[in-house]
Amino acid sequence: MSDTATLLTIVLMASATYLTRIGGYLVLRNRTLSPRAAAVMEAAPGCVLISVIAPNFVSDNPADLLALAITFLAATRLSMLPTVLIGIASAGLLRHLIG
Amino acid sequence: MSTTQTYLPQQAGERASPEFWRGIVSCTPVLLGIVPYALVLGAQAAEKGLSVVEVPLMTGLNFAGGSEFAAIQLWTSPPHILLIVAITFLVNSRHLLMGAALAPFLPQLPKRKALPALFFMCDESWALGLADSKKRASAGRYPAFSLPYYLGAALPFYLTWVVFTTLGAVFGPVLGNVEPYGFDMAFPAVFLVLLRGMWKGMARARPWIVSLAVAALTYLLIPGAWYVAAGALSGLVSAYILSGDT
Chain P
1 MSDTATLLTI VLMASATYLT RIGGYLVLRN RTLSPRAAAV MEAAPGCVLI
51 SVIAPNFVSD NPADLLALAI TFLAATRLSM LPTVLIGIAS AGLLRHLIG
Chain V
1 MSTTQTYLPQ QAGERASPEF WRGIVSCTPV LLGIVPYALV LGAQAAEKGL
51 SVVEVPLMTG LNFAGGSEFA AIQLWTSPPH ILLIVAITFL VNSRHLLMGA
101 ALAPFLPQLP KRKALPALFF MCDESWALGL ADSKKRASAG RYPAFSLPYY
151 LGAALPFYLT WVVFTTLGAV FGPVLGNVEP YGFDMAFPAV FLVLLRGMWK
201 GMARARPWIV SLAVAALTYL LIPGAWYVAA GALSGLVSAY ILSGDT
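Residue numbers (the UniProt record's numbering), protein chains in the order written: chain P, 1 to 99; chain V, 1 to 246.
One or more hints might be untrue.
Computed list of lysine to aspartate or glutamate pairs in EDC-like fashion (alpha-carbon distance at most 16 Å, straight line) [unchecked claim]:
1. V:K200 - P:E42
2. V:K135 - V:E19
3. V:K48 - P:E42
Where chain P lies over chain V, by a calculated footprint (3+ residues, C-beta under 8 Å) [said to hold, decoys possible]:
4. 115-123
5. 159-173
6. 184-191
None of these hints come from the bench; they were simulated from the model. For glycine and all other residues, C-beta sits at the position ideal for the given N, C-alpha and C.
Build the full structure now, drawing on both the sequences and the hints.
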């Protein structure tokens, strides 16, 4: 049994996403954005992503903080898959060792 | 063959199916990269209480990984509908710019084809489609945007994403609570790699640092999931202010 709130969330998420996919094509194709509007739009996804993971940066578990630092370093030079593997392995190991 | 050609009509003397295959071939290397990402998302979604039907419903209707990771991270039972939808919109707001960048290559494409095709626009299919259009435009090929190529590059992504998030939801619970093994670190890992991909120098990243600081403080001081909205909004305000002095 799916509950209504979950289904509603999924449908609204999908609608919001589809709007972003067609919005640029429909609205912006014959216009140029002001530099300010473009700067805000460009910054938006990064601002959201970093806000979502902000709690990881202020964790009270030293093992998690150390694992995050290692993962951060990995992310600056490696692609998705090795970074994810390093993140998982370092968090798993450090939690057993010091967590 | 005739059905294929109904959906993928010949363009300017080019046969559609080789173009479709060309798209499939070009996206294959990147497909492998999204499989573990999809499995992790499916497993985490199942842990948050989404069913084996709800997971493919989300990943199939929404089809935007970053926003799905954010939504699952913030998922509660029952979910904060407005928060999750707003965050989804903000994470995916980059699509607005991506669609605008692709639009100049689409004048020959009727809206009844362009609008469904844009449903499948993700970071990867957009990048492949745009790069191919630019290459064809400079080679004098018309139309520059090859719809069958784009669909060949986009549809395997869609199928892989939906199938492997579902498999993650099916097999995730079999593994039980994965936190002691460190699997939850996959979230920040994925997000950090996505951020690295958006990195355009320190000056442009200043709003992210504002977001991080405000979100972290809000998280520590105010209970609930307000930290995402507070962090995102303060970052956008600072992007607006900072763009005035550069």
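Here's how the hints hold up against the structure:
1. V:K200 - P:E42: At roughly 10 Å apart (the allowed maximum being 16 Å), E42 (chain P) and K200 (chain V) satisfy the hint.
2. V:K135 - V:E19: Answer holds: K135 (chain V) to E19 (chain V) is near 14 Å, not above 16 Å.
3. V:K48 - P:E42: 31 Å, violated
4. 115-123: holds (count 4)
5. 159-173: As far as the segment 159-173 of chain V goes, the hint is violated, because 0 residues have Cβ atoms under 8 Å from chain P.
6. 184-191: It holds, with 8 qualifying residues against the three required.
Taken one by one, the earlier hints fail for this structure at numbers 3 and 5, listed in ascending order.
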